[in-house]
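Engineer: Single-letter residue listing:
Number of protein chains: 4
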Amino acid sequence: MSTATGQVSPFPTPERRRRDRSAKREAILDTALELFLEQGYHHVTLNQVAERLHITKPALYNYFAGKTEILFACWMAGFEQAAEAIARIEAGPGDGLTRLRALIRDYGLLMTTPRGRCLIRFDDRDFTPEQRDRISACKKQVDAAFRSWIAAGIEDGSIRPCDPKMAAFVIGGALNWIGQWHRDDGPMSPQAVVDDFADRLTKGLATD
Amino acid sequence: MSTATGQVSPFPTPERRRRDRSAKREAILDTALELFLEQGYHHVTLNQVAERLHITKPALYNYFAGKTEILFACWMAGFEQAAEAIARIEAGPGDGLTRLRALIRDYGLLMTTPRGRCLIRFDDRDFTPEQRDRISACKKQVDAAFRSWIAAGIEDGSIRPCDPKMAAFVIGGALNWIGQWHRDDGPMSPQAVVDDFADRLTKGLATD
Amino acid sequence: MSTATGQVSPFPTPERRRRDRSAKREAILDTALELFLEQGYHHVTLNQVAERLHITKPALYNYFAGKTEILFACWMAGFEQAAEAIARIEAGPGDGLTRLRALIRDYGLLMTTPRGRCLIRFDDRDFTPEQRDRISACKKQVDAAFRSWIAAGIEDGSIRPCDPKMAAFVIGGALNWIGQWHRDDGPMSPQAVVDDFADRLTKGLATD
Amino acid sequence: MSTATGQVSPFPTPERRRRDRSAKREAILDTALELFLEQGYHHVTLNQVAERLHITKPALYNYFAGKTEILFACWMAGFEQAAEAIARIEAGPGDGLTRLRALIRDYGLLMTTPRGRCLIRFDDRDFTPEQRDRISACKKQVDAAFRSWIAAGIEDGSIRPCDPKMAAFVIGGALNWIGQWHRDDGPMSPQAVVDDFADRLTKGLATD
DNA sequence: GATGAATGAGGATTCATTCAT
DNA sequence: TATGAATGAATCCTCATTCAT
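Residue numbers (our numbering), protein chains in the order written: chain A, 1 to 208; chain B, 1 to 208; chain C, 1 to 208; chain D, 1 to 208.
Derived by calculation from the structure, the hints in this document are not laboratory data. Note that the structure is predicted; figures quoted are calculated from it, not measured. Treat the hints with caution; some may be incorrect.
A pair holds if it fits inside one copy or across any two, identical chains being indistinguishable in the list.
Said to hold, decoys possible - Once the Cα atoms are required to be at most 30 Å apart in a straight line, the calculated DSS-like pairs of lysine-lysine come out as:
no.: 1; residue 1: K165; residue 2: K24
no.: 2; residue 1: K57; residue 2: K24
no.: 3; residue 1: K67; residue 2: K57
no.: 4; residue 1: K139; residue 2: K67
no.: 5; residue 1: K165; residue 2: K139
no.: 6; residue 1: K140; residue 2: K67
no.: 7; residue 1: K139; residue 2: K203
no.: 8; residue 1: K165; residue 2: K203
no.: 9; residue 1: K203; residue 2: K140
Please model the entire structure based on the sequences and the hints provided.
Structural biologist: Take a look at the structure:
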């Protein structure tokens, strides 16, 4: 990326072009996300997003097709993290209960981050029908992870027999709720919260 | 209100006037609430509300000062039901655990009704600062009920020692979540859901 | 108006009816006029007028056909006072200069009263075309009084030859302006102001 | 700004951009001003302003923050002319009487122009409190000019001793009134009017 | 004569989006 | 790629006015 003289070429290579572009997209996304969470989607104008980035409104359209595209991208950014956690746990070792606890911890932690909060703080009805469909499918994936590991735990004897669906609802509700009440400047660290929750939410489920 | 001939006088008494007015206010409120839950506050226009009531938009202003006033009234209507349940349980008999279970059932049931859903489906940032303050106080009341009965249960021995705050977060989260996933046309009746939840959410807490 | 027993009959005679009605009309007019001068015609709602009178908005329509009718009546109330002054001076003795000075004093005094202020503080374009026509005619009358007495003064030698029209413009402008700057709580009493003005405005005109 | 071939570049330089923008602002201002004087502020809609300019309503918001901003800008445009006249006379030679006469002429002429008329035809109560404050300060400047030159004239002997405040009221009233009665298509040219007024209004004041 | 309720018309303002440059 | 400018669509709200009672 540097010339023989050690200077950075002012002519960006196609490679760097792509990286720049991608970085800008990310910047827009994070800024928008921040504002959306702060003020609520409908109270945020694209002008605000642009201003905070020191660019102009139409420039945003070079990276996103419109306001809901940004919203959607925010949501997806959050989902990717959830999906990664699920994949990681899936790939790792452990019985049903172990995996469930791991997911509770990871998903709970996610809920204390901006990207994670998007998953439940955004209103479904602000998306286009197409986006809604995709989101719905993603949510099902997450739900399926919870349910399947509960079911697996019952199967492998680490979890007492119960209705996985209802159990998942309780756990999911408690975890999602974290995104509403947890404050970074609060008394409990995210890690402490999720450790507590992992215990508490599986206490009644574990066989031992 | 009826003449000797048994006919209702067409001249409304002041009493009836008040009742009529109140009934209309309620009708507006329920219609708005319905639409808000269906489409989301920002996607609902006052025209829609008026149309569904077969009146005109400005007529709404005879009953509410503006759009956010309606929103606020919806929220408060939901809160009143919660407050009533709390008062009823408070006035009734039972140890901490009994009361907690009763609240879980009542609050959970509320979450399956339109008015109850308002409590958690509306976005705080759509209210005026003054409204937000009042709502915040109301929310504290509900939270206090959960925490105080958990604490009372620990005191009276019906609940195992634990952190009432965290326990309340778990329970509150699970219950509020009901408002998001429960469908009236779903497989489980509201009563069945809350009975299950009352069990499930206190299983780990009960001393016996 | 009282019965033989000395009590006032609760059944108003037609005569008293008329007086009541007239009194109410006047009350509305004065209240409206007050508000119009305070806040400007377009910033005053009929609700405000009604409220200040402790009646309801539609009640106003029993006395006036609409908002502009009230405005018009206010203006006319002011004009009547001017017309009376003119008639009184016309009927009285004195040469042209004497009469001009008397008119300056009376018209100037009028400008320090609410009714008088209406004459120049209201915007012509807030009236209907018909009202505008009538007002225009009234204004001409006042203007004619000024001009004719100036002309009469030139004729009778009390005023030095000059263009009556231009002189009237100067005098009229100075007098109307009083309505804009004079405050009841200011340092000069209305009488002091108009005495000063009568002098000042005729100093250059008088022959002596 | 032009290419070697003498053609104007279609790519506006920043400089030209600024000029264009400024010119458009002026155009809006003049159009609005025209309409305000024609129909009165409250009877003019932004749509009318936009239509007369062959643009759309929201385009106006690129140049002015709102309707009252336009109103305010109109007033200020008028004031600037008055301020310039005052500064010019102040900078020039002459005793108090000479300067007073010059101001009468210039201010009187201003009153026969659209921009000048704004100074007295707009209603103070249509401005925001902040604007009102600024306008009030401006008006004081103009008033101060009249009074100070009258006082200066008394000092230097060109004007007979009198109360400068009252004299300024008379002169100001007469001049402002021009804006109400003078028509461009009337019998007297603006210049003729103000020459006459300068004479007439100082006749009683001059020492000789 | 007075009222509560309802209405119709209108107007300012906001904002996502587009386009020429 | 980025920008200034312009637009169209939409919405809340106000208010004079009317009408049944």
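Engineer: Taking the numbered hints from earlier one at a time, note which ones the structure violates and give those numbers from smallest to largest.
Structural biologist: 1
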